[in-house]
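Student: Assemble chains B and C onto chain A, guided by the hints.
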Amino acid sequence: MKSFGKSLNQYLALIILIVIVVVGANMLYPGATSIDNIYSMSTFGVEIGLIALGMTLIIMAGGGGIDLSVGAIYALTQIIAAYLMAEGVNMWAAVGIAILSGVFMGFVNGYMVTKLRIPAIIATLATMYVFNGLALLISNGVNIAGMPEEFAIFGQGVMFGNIPFQFIAIYLPALIIIGYLLSRSLFGYQLYLTGTNDASAKLAGINTDRVRLITYMLTGLLCAIAGIIGSSRLLTARPDAGDIMNLQAVTIAVLGGASIFGGRGTVIGTFLSTIVITLLAYICNLININAVMQTGAIGIILIVITLGQNNFGGLKRLKSVFLARKAV
Amino acid sequence: MKSFKMLKIVLATTVIGAMLAGCGVSVKKNEGGAASPAASGANGADKQYTIAFVPKLVGFPYFTSMDKGAQKAAKELGVKWIYQGPTTADVSEQAKYVSGLIDQKVDAVGVAANSPTALNQLIGKAKGQNIKFFTSDSDVTNPDRSLFVQQATDKDLGYAMADIIAEEVGGEGKVGILSAGSTATNLNAWIGFVKERLAEKAPKIQLLDTQFAGEDINKSTQIASQIIAANPDIKGFIGISAANTPGIAEAVKQAGKTGEIAITGIGIPNGVKPYIKAGVINKAILWDPEKLGYLTVWGVLQQLKGVELQAENDVPGIGKVKYDAATKSLLLGPPLVFDKENIDNYDF
Amino acid sequence: MSQTTAATRSGSMESLKHSFLMKYEFILFVLIALIVLFLSITTDGNFWNQGNLSSVLVSVSIVSIAAVGATLVIITSGIDISAGSVLGLTATVVALGGQHGLPLWLIIVSALATGCIAGFINGYLIAVHKVPAIIVTLGTLSIWRSAVFMLLGGSWGTDIPMEFSEWFIMTKLAGVPLIFWLVIVLVLVSGYMMNNRKWGRYIYALGNNEEATVFAGLPTKRLLVFIYVIAGLLVAVSALVSLGQSPIVQSSSGQGFELSVIAAVVIGGASISGGRGSIMGAFLGAILVELVRNAVILLHIQPFWTGVVMGVMIIIAVLVSLSRDKGGAN
Numbered sequence: 169m170k171s172f173g174k175s176l177n178q179y180l181a182l183i184i185l186i187v188i189v190v191v192g193a194n195m196l197y198p199g200a201t202s203i204d205n206i207y208s209m210s211t212f213g214v215e216i217g218l219i220a221l222g223m224t225l226i227i228m229a230g231g232g233g234i235d236l237s238v239g240a241i242y243a244l245t246q247i248i249a250a251y252l253m254a255e256g257v258n259m260w261a262a263v264g265i266a267i268l269s270g271v272f273m274g275f276v277n278g279y280m281v282t283k284l285r286i287p288a289i290i291a292t293l294a295t296m297y298v299f300n301g302l303a304l305l306i307s308n309g310v311n312i313a314g315m316p317e318e319f320a321i322f323g324q325g326v327m328f329g330n331i332p333f334q335f336i337a338i339y340l341p342a343l344i345i346i347g348y349l350l351s352r353s354l355f356g357y358q359l360y361l362t363g364t365n366d367a368s369a370k371l372a373g374i375n376t377d378r379v380r381l382i383t384y385m386l387t388g389l390l391c392a393i394a395g396i397i398g399s400s401r402l403l404t405a406r407p408d409a410g411d412i413m414n415l416q417a418v419t420i421a422v423l424g425g426a427s428i429f430g431g432r433g434t435v436i437g438t439f440l441s442t443i444v445i446t447l448l449a450y451i452c453n454l455i456n457i458n459a460v461m462q463t464g465a466i467g468i469i470l471i472v473i474t475l476g477q478n479n480f481g482g483l484k485r486l487k488s489v490f491l492a493r494k495a496v
Numbered sequence: 005m006k007s008f009k010m011l012k013i014v015l016a017t018t019v020i021g022a023m024l025a026g027c028g029v030s031v032k033k034n035e036g037g038a039a040s041p042a043a044s045g046a047n048g049a050d051k052q053y054t055i056a057f058v059p060k061l062v063g064f065p066y067f068t069s070m071d072k073g074a075q076k077a078a079k080e081l082g083v084k085w086i087y088q089g090p091t092t093a094d095v096s097e098q099a100k101y102v103s104g105l106i107d108q109k110v111d112a113v114g115v116a117a118n119s120p121t122a123l124n125q126l127i128g129k130a131k132g133q134n135i136k137f138f139t140s141d142s143d144v145t146n147p148d149r150s151l152f153v154q155q156a157t158d159k160d161l162g163y164a165m166a167d168i169i170a171e172e173v174g175g176e177g178k179v180g181i182l183s184a185g186s187t188a189t190n191l192n193a194w195i196g197f198v199k200e201r202l203a204e205k206a207p208k209i210q211l212l213d214t215q216f217a218g219e220d221i222n223k224s225t226q227i228a229s230q231i232i233a234a235n236p237d238i239k240g241f242i243g244i245s246a247a248n249t250p251g252i253a254e255a256v257k258q259a260g261k262t263g264e265i266a267i268t269g270i271g272i273p274n275g276v277k278p279y280i281k282a283g284v285i286n287k288a289i290l291w292d293p294e295k296l297g298y299l300t301v302w303g304v305l306q307q308l309k310g311v312e313l314q315a316e317n318d319v320p321g322i323g324k325v326k327y328d329a330a331t332k333s334l335l336l337g338p339p340l341v342f343d344k345e346n347i348d349n350y351d352f
Numbered sequence: 013m014s015q016t017t018a019a020t021r022s023g024s025m026e027s028l029k030h031s032f033l034m035k036y037e038f039i040l041f042v043l044i045a046l047i048v049l050f051l052s053i054t055t056d057g058n059f060w061n062q063g064n065l066s067s068v069l070v071s072v073s074i075v076s077i078a079a080v081g082a083t084l085v086i087i088t089s090g091i092d093i094s095a096g097s098v099l100g101l102t103a104t105v106v107a108l109g110g111q112h113g114l115p116l117w118l119i120i121v122s123a124l125a126t127g128c129i130a131g132f133i134n135g136y137l138i139a140v141h142k143v144p145a146i147i148v149t150l151g152t153l154s155i156w157r158s159a160v161f162m163l164l165g166g167s168w169g170t171d172i173p174m175e176f177s178e179w180f181i182m183t184k185l186a187g188v189p190l191i192f193w194l195v196i197v198l199v200l201v202s203g204y205m206m207n208n209r210k211w212g213r214y215i216y217a218l219g220n221n222e223e224a225t226v227f228a229g230l231p232t233k234r235l236l237v238f239i240y241v242i243a244g245l246l247v248a249v250s251a252l253v254s255l256g257q258s259p260i261v262q263s264s265s266g267q268g269f270e271l272s273v274i275a276a277v278v279i280g281g282a283s284i285s286g287g288r289g290s291i292m293g294a295f296l297g298a299i300l301v302e303l304v305r306n307a308v309i310l311l312h313i314q315p316f317w318t319g320v321v322m323g324v325m326i327i328i329a330v331l332v333s334l335s336r337d338k339g340g341a342n
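Those protein sequences? They're chains A, B and C, same order as listed. Take the position in the first sequence, starting the count at 1, then add 168; the result is the number in my numbering. Take the position in the second sequence, starting the count at 1, then add 4; the result is the number in my numbering. Take the position in the third sequence, starting the count at 1, then add 12; the result is the number in my numbering.
One chain only, chain A, in its complex shape:
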């Protein structure tokens, strides 16, 4: 399939990037990518990795899909969990409720986009404001701590020696499940079609609205899980968490090959670009480069990669223009 070929190019580009970063880092700082350091990196990378997975699905489903409220959901769900635990609710119940609330928030987003036909940028911009506001209101603007000790397991637990719990038990399974969903299940097939060509998908009998709604709900779920991990890692829930995650998630998804025009994107691609971004961040800290420079560099990389991607996109549009002309 042609698209697989394009994906392979994308993977290659990302892997080369990773290799360059790793080699360069080790030259500047021997031992930069020691196994302990990698464990450290993965501790931080899992949260944004999960969120980026959700964002990838939303973007792939096309129709201008995007979710600017992911950071806010991340914050609100952790506040809900922490608040409940502080009120004495059983930890598992609190976590469960928080995760369900995340799914509900995703549902709200999806409903606005599909049923109310509000453009995704605006709908999720609005919910971002609302969810952030709710997080501040519930927590009264302060961090909430005081969770039971067992809660630390999500963000601080280790398995098989020192491998971080969230990486092995949450992120990897998530990658596998979503990867399977995309490439082997009916839903994945419907998702690709919906993103590639909305109209033909509908003609083929696919309920495109339902497909998109599910992507938003899945994202809500992933953000909630990330929120639990994040607040467990610090044993503190913060209402102002996740501010930078919105744009970071979009960057990672697009860097990983998800096309804003819909229909393209893979779990592997997003996984690879998550590695790139997390690695870069860690390495920059090691060699003392300010995070802002790194953000700027990522901005440049983003534009360059999309420019490259777009050689295909531009050709496609040109083709459709000629076809339309013929029809007239």
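Simulated from the structure, these hints should not be mistaken for lab results.
Non-contacting residues of chain C with respect to chain A, defined by C-beta distances greater than 12 Å in every case (computed):
| hint | residue |
| --- | --- |
| 1 | ILE47 |
| 2 | GLN62 |
| 3 | GLU178 |
| 4 | TRP179 |
| 5 | LEU194 |
Listed next, with one range per pair, are the computed distances between beta-carbon atoms:
| hint | chain 1 | residue 1 | chain 2 | residue 2 | range |
| --- | --- | --- | --- | --- | --- |
| 6 | C | GLU178 | B | LYS199 | 35 to 45 Å |
| 7 | C | GLU178 | B | TYR350 | 21 to 31 Å |
| 8 | A | ILE203 | C | GLY113 | 47 to 57 Å |
| 9 | B | ASN134 | A | VAL191 | 26 to 36 Å |
| 10 | A | ILE265 | B | PRO320 | 54 to 64 Å |
Glycine included, each C-beta is placed from N, C-alpha and C at the ideal position.
Tutor: Same frame as chain A, now just chains B and C:
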């Protein structure tokens, strides 16, 4: 394609199998073994220690000054100094830096904490690797931190601001408070002491609800303007963080109420200089962040060398510095008050 | 003032619906009047206090100026989330100019040039290389923020010429800061030009059906680039006014500004999918947004409610604007 499928199946089985096998998940307990000091006397004399510090955020002149002072100390005392931090006062970002520094096996890592509790796990991790964890400017609530270098006690700062405002408004009237973030440890502590002092010494003063403007001067101006309008009889205003005070001053100036509303608070000299000269602010408070940075390096170094801190210490270039063993905190000294007379002596 | 195509296609029944009373902008205007009335009563007239009115109107001005450009961009179904970083960059350029003692006119020219160049880069990538607007502006948002950081180097920019404050804010006509009057003129003039000048209609056409405009032989690419340049220029102007309100630059200056602007444009009735939007609407939207912020402070409401109210307002605005679209365009 087939190979991918195989890979996925293998991965899936491993993971699920592991989880089913009653996985040995545990929260990493950082047993630090014997609480051994980094190095004792003679051995430590030749070693060059690496001290790392993560401020609340970088790009903020106050912390930039701390860095400057610390670099001076590092040069004079033969220490390697690392200064890096997030661009927003976000504790999760701060944690990433701290974690990375611990991985780099520095001798001591410290923070100006964005949150009193969120760094506990990392403090444990540092302890487990015999790395000293210290705080400067803003503390954490964790007995394992080896040292807290404080500019002035929270009480002294809060009381100083309260006293200045009480005096300037004549002991009664409405006073507003503008702070940066609702979650910041030190800022909240100061607000607490301001309230305590005013309740005791100037009970007729009516404090308005604290508002928040972030470390954002422009926002401070906007919010302050509107608070002044909402309370036309307001007599005074306190800026809790260095970004709030100049913002409030600009608001008062634009409202044409210079001299009618007393302003004080934490102020970075260059930020408040024009306002002090124009008489919009009479007195602003700070301390010398450069000296704080210097003291931080000095204090941590003593601990690394195994030298015990005395109740009163002689620090080169600073003078006598008090140490409180109970709270493990070094105190720089009383707050510095800027006014028309001395503001020109400072340039940062 | 908005749907030109609908107006030309409709018959007399439709034109009745589109009459002034049903116009979305009028609804906004009434809403604003009601809120102002409400605030005047509940705050014992404090709302009209010199300082408060000034602060609100200046904030409205800052957002509105950038919103004019943002409306054009959004009408062409683009978006610009780099506005905040461009504002920060412009302010930094001014601070640097002040620090080096450059003459005022040079500082102003440099500032405006910064906005134009930033806008040009956006427009070029979007129009010529067809990179989606969200990606380009996401990228430039990060790049310019990096630049601000590097240029300021960890301190605040304090050498801001006082003239901005004097001209825009301290100069008052009928008790209202001069800048607000200037903004009203800007809004009226650009609104007029959008509806009654040919390239105004071209812009709407671009948003409605880009391919058709290409066939019609319009200089689509040039028009798009031009729009982004204008947007950048206007953000630079906003930056100058903002420096008048608060004569100091931080490395975080401008962060989040683009959200306020987009909120104003959307509440003002523009459609993110392009083809519809009015500058007057964006202006009224900006007023509405600032009124809400002001109300929260004046009425001593917990500041955390601002976000929730803002989000709900955006949703309601879009729903209203969508429903009237369904009703009218048939």
